[in-house]
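A.B. asks: Please construct the entire structure, taking both the sequences and the accompanying hints into account.
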Amino acid sequence: MADREENGIVRQELNLIFIIDNSGSMSGEKLGAVNNAIRDVMSIMPEIQEDTSEAIIKIHALKFSDHASWVYNEGKTVSDFKWADLAPEGETNLSDAFDKLEKCLMKQADGGQMPDFGGVAPILILMTDGLPTSPDWEAHLNALKKRGWFKAALRYALAIFIKSDEAMNILTSFTGNPETVLQVYTAEALRKIIRVIAVTASKAKSSSTNTAVTDNNQATQQQIAQKLDEEVQDGWN
Amino acid sequence: MIEFFNKTNVGFSHLKTGKPCQDFSVSYHDETRTIVAVCDGHGSDVYIRSDRGSKFACQAIIDAFKSVRSLVLYGKPKEQVLNKIKMDILCRWNALVEQDLEQNHIGKKEIEMLSERDQFRLKNNPAKAYGTTLNGAMILGKYLLCVSLGDGGIFGVKKGVVTPILEETSDETVANYTYSMCSEDAYYHIHVDFYNIRDYDGVFLCTDGIINPYQNLPNFAKSFILPVYTELANGKRENVNDWIVRLGEKTGYGDDVSLAVMFRTEANRRLYQEARYQ
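These protein sequence lines map, in sequence, to chains Y and U.
The opening position of the first sequence corresponds to residue 1 in our numbering, with each subsequent residue numbered one higher.
The opening position of the second sequence corresponds to residue 1 in our numbering, with each subsequent residue numbered one higher.
Incorrect hints may have been included.
[Unchecked claim] Below, computed lysine-lysine pairings styled on BS3-like, alpha-carbon distance capped at 27 Å:
{"hint": "1", "chain 1": "Y", "residue 1": "Lys203", "chain 2": "Y", "residue 2": "Lys103"}
{"hint": "2", "chain 1": "Y", "residue 1": "Lys76", "chain 2": "Y", "residue 2": "Lys145"}
{"hint": "3", "chain 1": "U", "residue 1": "Lys250", "chain 2": "Y", "residue 2": "Lys203"}
{"hint": "4", "chain 1": "Y", "residue 1": "Lys107", "chain 2": "U", "residue 2": "Lys109"}
{"hint": "5", "chain 1": "Y", "residue 1": "Lys107", "chain 2": "Y", "residue 2": "Lys58"}
{"hint": "6", "chain 1": "U", "residue 1": "Lys86", "chain 2": "U", "residue 2": "Lys108"}
{"hint": "7", "chain 1": "Y", "residue 1": "Lys107", "chain 2": "U", "residue 2": "Lys236"}
{"hint": "8", "chain 1": "U", "residue 1": "Lys222", "chain 2": "Y", "residue 2": "Lys76"}
{"hint": "9", "chain 1": "Y", "residue 1": "Lys203", "chain 2": "U", "residue 2": "Lys16"}
{"hint": "10", "chain 1": "U", "residue 1": "Lys222", "chain 2": "Y", "residue 2": "Lys58"}
{"hint": "11", "chain 1": "U", "residue 1": "Lys250", "chain 2": "U", "residue 2": "Lys16"}
{"hint": "12", "chain 1": "U", "residue 1": "Lys142", "chain 2": "U", "residue 2": "Lys159"}
{"hint": "13", "chain 1": "Y", "residue 1": "Lys58", "chain 2": "U", "residue 2": "Lys250"}
{"hint": "14", "chain 1": "U", "residue 1": "Lys66", "chain 2": "U", "residue 2": "Lys123"}
{"hint": "15", "chain 1": "Y", "residue 1": "Lys76", "chain 2": "Y", "residue 2": "Lys146"}
{"hint": "16", "chain 1": "U", "residue 1": "Lys86", "chain 2": "U", "residue 2": "Lys76"}
{"hint": "17", "chain 1": "Y", "residue 1": "Lys227", "chain 2": "Y", "residue 2": "Lys58"}
{"hint": "18", "chain 1": "U", "residue 1": "Lys108", "chain 2": "U", "residue 2": "Lys19"}
{"hint": "19", "chain 1": "Y", "residue 1": "Lys203", "chain 2": "Y", "residue 2": "Lys163"}
{"hint": "20", "chain 1": "Y", "residue 1": "Lys107", "chain 2": "Y", "residue 2": "Lys76"}
{"hint": "21", "chain 1": "Y", "residue 1": "Lys203", "chain 2": "U", "residue 2": "Lys19"}
{"hint": "22", "chain 1": "U", "residue 1": "Lys109", "chain 2": "U", "residue 2": "Lys19"}
{"hint": "23", "chain 1": "Y", "residue 1": "Lys103", "chain 2": "Y", "residue 2": "Lys163"}
{"hint": "24", "chain 1": "U", "residue 1": "Lys78", "chain 2": "U", "residue 2": "Lys158"}
[Claimed, not checked] Covered stretches of chain U, going by a simulated chain Y footprint (3 or more residues, C-beta under 8 Å):
{"hint": "25", "stretch": "53-67"}
{"hint": "26", "stretch": "77-84"}
{"hint": "27", "stretch": "222-233"}
Don't read these hints as lab results, they were simulated from the structure.
No residue lacks a Cβ here, since even glycine has one placed at the ideal position from N, Cα and C.
C.D. replies: Written out as structure tokens, the structure reads:
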């Protein structure tokens with residue numbers, strides 16, 4: 001009983017989940033910017049993990065085009081997560097992405113990736129450039145919304161070069177809050193936004209496991225908004 | 001013969017912030033029954049009296065269970081009996097909260113550190129200040145009666161196999177979302193049931209501060225429940241006491257920790273022998 005491992009006590013897991021549209025419309029600058037942004041975030045995550053003694057950060061990446069699939073079958077630690085650039089292909093099957101995400105957000109005993117007991121609310125970051133081509137996306141999102149871990153999650157959506165209200169509304173349905181849908185028009189902005197969200201949320205989530213989820217999410221969103229404001233003042237667009 | 005044990009310890013996150021221990025545990029024994037309970041007052045800022053809330057929940061369980069007669073458990077339709085017990089616990093808890101609010105009004109000073117939103121929530125529903133979960137169990141004659149609301153849990157042990165009792169199957173209670181005695185719909189989330197005590201060698205009641213660091217049932221059973229059971233069966237209560245203290249103050253997740261156990265001594269000897277031979 002001298003230390004955690006001897007006791008069977010394990011560190012909490014903080015799941016950071018990227019949901020990435022790699023459909024044909026993302027080709028060129030958009031997907032290139034996403035690939036660079038993820039790589040950039042991963043370069044700083046070891047430092048974040050080192051500062052975070054309370055939780056192990058697990059990183060997941062779900063890509064979706066004609067179908068959705070996980071880059072890794074299970075969440076990887078910061079040191080094990082290696083990013084291989086995504087290539088553009090096919091259509092935008094958001095329904096399948098929501099299905100795969102729903103299964104991930106179940107308890108491990110039920111076949112998902114979330115702990116059976118306790119756990120830290122995950123961070124979800126959805127990145128897309130337009131409307132889904134799967135017409136039944138709403139039914140799949142409604143099923144996803146019933147999952148407790150989805151409700152608890154800190155949810156962001158990055159609207160890459162999106163100008164249509166319809167597409168923005170879909171992303172707002174996902175996050176449940178228009179303030180957590182961020183429009184991005186340059187590669188540099190995308191890189192900085194992903195970095196701010198992933199880093200700030202990972203720090204905040206992993207160090208405050210005993211506060212209420214809703215309070216913690218609101219506080220984290222405020223921190224992210226403040227950091228984003230600071231970045232804007234520094235001039236990034 | 002029935003043996004029982006209960007222990008609560010403050011978690012290190014509360015030690016750091018100077019918050020009181022919001023868990024409470026209790027045990028009661030007389031010639032006819034043994035009752036144990038563990039309750040976990042909520043930790044968020046708005047629950048300013050949740051340490052009292054968890055104490056009141058333990059008291060409500062003890063008082064409600066003491067009023068149950070063994071004849072009642074098989075004399076009437078089961079659902080009717082269970083609903084009555086559920087309502088009795090809820091009413092007793094609410095009465096204790098109301099009494100406390102009458103005697104100790106929530107003053108300006110008590111809420112001045114809260115956000116406007118939380119102050120508004122307390123004005124609308126002062127009982128929210130006392131928000132808590134509850135888990136309780138009683139051995140009465142051949143019956144094991146259990147009640148549960150929110151996180152934490154009750155686990156039965158039979159021949160070294162650990163199974164959850166009254167497991168919360170809702171997908172709503174993840175991360176630190178939990179059902180609460182202070183919710184308007186608390187009645188619908190309280191689970192009560194009774195079992196034949198012969199189906200269990202012992203019963204463990206734990207708040208989530210104990211359970212969560214083990215992340216899943218197989219690990220929890222192997223790394224905590226069965227070793228603790230073996231220690232208790234051998235009369236090494238001090239070891240279990242020290243374990244709970246360490247779990248709260250050092251090795252756990254920083255949350256308050258509470259454990260209560262009831263076990264049949266004759267069954268436990270067998271369990272110990274099995275454990276020793278593994």
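A.B. asks: Against this structure, judge whether each hint is valid.
C.D. replies: Structure-based check of each hint:
no., hint, result
1, Y/Lys203 <-> Y/Lys103, "holds, 26 Å"
2, Y/Lys76 <-> Y/Lys145, "holds, 25 Å"
3, U/Lys250 <-> Y/Lys203, "holds, 21 Å"
4, Y/Lys107 <-> U/Lys109, "violated, 42 Å"
5, Y/Lys107 <-> Y/Lys58, "holds, 15 Å"
6, U/Lys86 <-> U/Lys108, "violated, 34 Å"
7, Y/Lys107 <-> U/Lys236, "violated, 35 Å"
8, U/Lys222 <-> Y/Lys76, "holds, 26 Å"
9, Y/Lys203 <-> U/Lys16, "holds, 19 Å"
10, U/Lys222 <-> Y/Lys58, "holds, 25 Å"
11, U/Lys250 <-> U/Lys16, "holds, 12 Å"
12, U/Lys142 <-> U/Lys159, "holds, 18 Å"
13, Y/Lys58 <-> U/Lys250, "holds, 24 Å"
14, U/Lys66 <-> U/Lys123, "violated, 34 Å"
15, Y/Lys76 <-> Y/Lys146, "holds, 26 Å"
16, U/Lys86 <-> U/Lys76, "holds, 15 Å"
17, Y/Lys227 <-> Y/Lys58, "holds, 23 Å"
18, U/Lys108 <-> U/Lys19, "holds, 19 Å"
19, Y/Lys203 <-> Y/Lys163, "violated, 32 Å"
20, Y/Lys107 <-> Y/Lys76, "holds, 17 Å"
21, Y/Lys203 <-> U/Lys19, "holds, 23 Å"
22, U/Lys109 <-> U/Lys19, "holds, 16 Å"
23, Y/Lys103 <-> Y/Lys163, "violated, 31 Å"
24, U/Lys78 <-> U/Lys158, "holds, 24 Å"
25, 53-67, "violated (count 0)"
26, 77-84, "violated (count 0)"
27, 222-233, "holds (count 3)"
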